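S.K.: In the order they appear, the protein sequences are chains A and B. Per our numbering, the first sequence starts with residue 1, numbered consecutively. Per our numbering, the second sequence starts with residue 229, numbered consecutively.
Keep in mind that the hints are not guaranteed to be accurate.
Unchecked claim - Within a straight-line C-alpha distance of at most 27 Å, the following computed DSSO-like cross-link-like pairs (lysine-lysine) qualify:
no.	chain 1	residue 1	chain 2	residue 2
1	B	Lys242	A	Lys83
2	B	Lys319	B	Lys367
3	A	Lys77	B	Lys319
4	A	Lys113	A	Lys210
As the list claims (entries may be wrong) - Output of the computed footprint for chain B on chain A, the stretches with three or more beta carbons under 8 Å from beta carbons of chain B:
no.	segment
5	93-106
6	169-181
Just so you know, the hints here were simulated from the structure itself, not pulled from any lab data. Predicted model, so just to flag it, every value in this text is computed and none were measured. For every residue, glycine included, the Cβ atom is placed at its ideal position computed from N, Cα and C.
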Amino acid sequence: MIIEAENVTKIYRTEEVETTALDRINLKLEDGQFASVMGPSGCGKSTLLHVLGLIDDLSDGSYRFLGEDVSRYSERKRSVIRKKNIGFVFQSFNLIDELTVYENVELPLIYDKTPSQERKARVESALEKMDITARRNHFPRQLSGGQQQRAAVARAIINQPTLILADEPTGNLDSEHGADVMKMLVKLNREGTTILMVTHSMENAAYSNKVIRLHDGRIVSGEAGQNA
Amino acid sequence: MYGPTGENNVIATKNIKKIYTTGEVETTALENVNLNIKEGEFVAVMGPSGCGKSTLLNILGLLDSPTEGTYRLAGEEVSGLTEKLRADLRKGNIGFVFQSYNLIDELTVYENIELPLLYTKKPPEERKARILEVMEQLKLAHRQGHFPRQLSGGQQQRVAVARAIVSKPRLILADEPTGNLDSTNGEEIMSLLTGLHEQGATIVIVTHSEAFAEYSQRIIHLFDGHIVAENMAA
Numbered sequence: 001m002i003i004e005a006e007n008v009t010k011i012y013r014t015e016e017v018e019t020t021a022l023d024r025i026n027l028k029l030e031d032g033q034f035a036s037v038m039g040p041s042g043c044g045k046s047t048l049l050h051v052l053g054l055i056d057d058l059s060d061g062s063y064r065f066l067g068e069d070v071s072r073y074s075e076r077k078r079s080v081i082r083k084k085n086i087g088f089v090f091q092s093f094n095l096i097d098e099l100t101v102y103e104n105v106e107l108p109l110i111y112d113k114t115p116s117q118e119r120k121a122r123v124e125s126a127l128e129k130m131d132i133t134a135r136r137n138h139f140p141r142q143l144s145g146g147q148q149q150r151a152a153v154a155r156a157i158i159n160q161p162t163l164i165l166a167d168e169p170t171g172n173l174d175s176e177h178g179a180d181v182m183k184m185l186v187k188l189n190r191e192g193t194t195i196l197m198v199t200h201s202m203e204n205a206a207y208s209n210k211v212i213r214l215h216d217g218r219i220v221s222g223e224a225g226q227n228a
Numbered sequence: 229m230y231g232p233t234g235e236n237n238v239i240a241t242k243n244i245k246k247i248y249t250t251g252e253v254e255t256t257a258l259e260n261v262n263l264n265i266k267e268g269e270f271v272a273v274m275g276p277s278g279c280g281k282s283t284l285l286n287i288l289g290l291l292d293s294p295t296e297g298t299y300r301l302a303g304e305e306v307s308g309l310t311e312k313l314r315a316d317l318r319k320g321n322i323g324f325v326f327q328s329y330n331l332i333d334e335l336t337v338y339e340n341i342e343l344p345l346l347y348t349k350k351p352p353e354e355r356k357a358r359i360l361e362v363m364e365q366l367k368l369a370h371r372q373g374h375f376p377r378q379l380s381g382g383q384q385q386r387v388a389v390a391r392a393i394v395s396k397p398r399l400i401l402a403d404e405p406t407g408n409l410d411s412t413n414g415e416e417i418m419s420l421l422t423g424l425h426e427q428g429a430t431i432v433i434v435t436h437s438e439a440f441a442e443y444s445q446r447i448i449h450l451f452d453g454h455i456v457a458e459n460m461a462a
């Protein structure tokens, strides 16, 4: 089991107001699944992705990631697990404009201090997988949106993560480029990577094999253990 | 600071021309651009969208090459350099700030600022000291463990500026740095750049805002790829 969330609750507090972004979420994701989280904007889907991605902590409930209870882990401990096991893909690509495609894909390995020989081999293999080798020396602004997102996915898989979390990965793309990126995700999933994707597009959700619907911070259908 | 040839221009371009070719269509993005920027200057490039200002900034930042003409960065001719040498020059000398911040969402503020230093051979303690110093300077110290999405747009852009200056570049290039910000946050970023300029930084900013251009010392107006006017800011 990759993800086991039990009554996960996330409350944001500002001085006077409490907002319940996630309300007792129960969710399981097995190894090799490709799940979508759908719902209207403000329903909590990005918050859910942040909590499951160990970027954000939870206010209540328990969360087991790869069998380990991480519910009360400090940011430092979460960070170690996150970097080792999770690849992120965001709507806005998150590429650094002054670095080439190659350098952008290489980034996590630079933070990791991976030796340069190994870096080279892994970057080349990720570029190959995402079919973006021909653009390796280009800068993000010289690429189409679809190519930029493929570069972002290449960076997300560079550490061979167990889990990919994708937040509206096609949100900035036209339908042709969007379909391109979705096919890449399907390919990664077939090769064994577990994927959880947030989307508001039915079309994209159709690529996954489980759809979880969120409304006002609650799962309204597709909850734990129910396989599509 | 003087370059190898003794000139004190950080930037010197001569007859720069940039042509984009797609299929059979040629678009001239820049034509006959002659631009000298001295060490310590704060220059704004203005013009309507499509006038070539981002193309110019990309060329100045070695992210793109001119089709014709020459470009000397810190006294060194860069036209014929290999991509590897250009990358080294870029990383050692230029800090970039973009409209869209360019932060990595799964990395903390501290980690995002650290990025340029990872390409240098600075020892970890020295790196840490420098990052803390920059965070202090940009009033981000209390945000160091936060992630970009937990910050306001203005704070995110401050993180981007911190990253741009952490390796003490000779030149800061900013492409519409206030484009995603409301006027209060925009003014804050401009004051920040002004402060860096007062401490000696050379800054070139691309903007379409008259008000923000006034923070600079000299305004270059681009139109259809040509420099059409140049004036000292009020």
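S.K.: Against this structure, judge whether each hint is valid.
M.R.: We went through each hint and held it up to the structure:
1. B:Lys242 x A:Lys83: Distance ~46 Å between Lys242 of chain B and Lys83 of chain A Cα, so the pair is violated.
2. B:Lys319 x B:Lys367: holds (25 Å)
3. A:Lys77 x B:Lys319: This hinted pair is violated, its Cα atoms lying about 31 Å apart.
4. A:Lys113 x A:Lys210: Violated - the C-alpha atoms of Lys210 of chain A and Lys113 of chain A are around 37 Å apart, more than 27 Å.
5. 93-106: Holds: 7 residues of the segment 93-106 of chain A have a Cβ under 8 Å from chain B.
6. 169-181: Result for this restraint: violated, n = 0.
In summary, the numbered hints that this structure violates are 1, 3, 4 and 6.
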